[in-house]
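Go ahead and model the full structure; you've got the sequences and the hints to work with.
For the sequence shown, full-length UniProt numbering begins at 1 and goes up steadily by one.
Treat the hints as calculated values from the structure; they're not laboratory data.
For each residue, glycine too, the CB sits at the ideal point set by N, CA and C.
A portion of the hints provided could be inaccurate.
Said to hold, decoys possible - 30 Å max Cα-Cα, derived DSSO-like pairs, lysine-lysine:
{"hint": "1", "residue 1": "46", "residue 2": "205"}
{"hint": "2", "residue 1": "46", "residue 2": "61"}
{"hint": "3", "residue 1": "61", "residue 2": "205"}
Unchecked claim - Pairwise CB distance ranges (calculated):
{"hint": "4", "residue 1": "183", "residue 2": "150", "range": "36 to 44 Å"}
{"hint": "5", "residue 1": "191", "residue 2": "42", "range": "28 to 36 Å"}
{"hint": "6", "residue 1": "101", "residue 2": "151", "range": "25 to 33 Å"}
{"hint": "7", "residue 1": "224", "residue 2": "140", "range": "15 to 23 Å"}
{"hint": "8", "residue 1": "205", "residue 2": "50", "range": "17 to 25 Å"}
{"hint": "9", "residue 1": "207", "residue 2": "120", "range": "26 to 34 Å"}
{"hint": "10", "residue 1": "218", "residue 2": "151", "range": "40 to 48 Å"}
{"hint": "11", "residue 1": "190", "residue 2": "150", "range": "16 to 24 Å"}
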Amino acid sequence: MCLLKPKHAMSSSANPPPEPLPPQTALIGTVLAGGKSLRMGSDKAKLLLPSGDSFLQHAIKRLLTVCSQVVVAGRSSDQHSSESAPDSKRCVQFIPDRFPDLGPAGGVATTVQWASQDPNIRGLLVIPLDMPGIASDHLSELIGTFSLHPDRPIAATFDGSFAEPMLAIYPCCFSDSLQQLATSKSRSLSRWLANANPILVSLPKTVPANLNTPEQYQQYLDSHS
Numbered sequence: 001m002c003l004l005k006p007k008h009a010m011s012s013s014a015n016p017p018p019e020p021l022p023p024q025t026a027l028i029g030t031v032l033a034g035g036k037s038l039r040m041g042s043d044k045a046k047l048l049l050p051s052g053d054s055f056l057q058h059a060i061k062r063l064l065t066v067c068s069q070v071v072v073a074g075r076s077s078d079q080h081s082s083e084s085a086p087d088s089k090r091c092v093q094f095i096p097d098r099f100p101d102l103g104p105a106g107g108v109a110t111t112v113q114w115a116s117q118d119p120n121i122r123g124l125l126v127i128p129l130d131m132p133g134i135a136s137d138h139l140s141e142l143i144g145t146f147s148l149h150p151d152r153p154i155a156a157t158f159d160g161s162f163a164e165p166m167l168a169i170y171p172c173c174f175s176d177s178l179q180q181l182a183t184s185k186s187r188s189l190s191r192w193l194a195n196a197n198p199i200l201v202s203l204p205k206t207v208p209a210n211l212n213t214p215e216q217y218q219q220y221l222d223s224h225s
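Here's what the structure looks like:
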């Protein structure tokens, strides 16, 4: 049972329902990609990493190591027709935010409501677009914890106390609560997560932080070239 009681559901998204998945496929990988990249000065989704992949391609590939289906939240497919990995296009869907400019809460709320249409899907494994240092092993730790506690949010933490809202698992049973959050005045996903009694999974502090500025991006390139 979810720890937050669901509120009234909002109308269904205009996006088509998710394709049926086998029962064992419980999580949809989700790249939060609706940000405006203001501090970077250019669209982070298209910036290249030393591997030759863009930020978006890298995030998709990372999620596909642990999930059979990936959603890019906050983007439309016509914006990024060439950005998804060529061998993974059939596994990737682009879902624009139902309400633009609502931040991460809008992306999570839109995608979890869409995913909730399939009873086989239990939740979203969410990662940010701009944290290329996240490894498959880190995601597997989150998934392993979720398998033991499938009705509670699971969040990464780097300091043992702060729940990272952009690196977390959101169970579908919280969909209505997240819809309410996305249309509220606050829209603080981190505050919502803290109040939802998440289970924290400690990850190494050595994992590179989000790359938000040209200087951070260049530093990452220099250290991984």
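In rising order, the numbers of the hints this structure does not comply with
4
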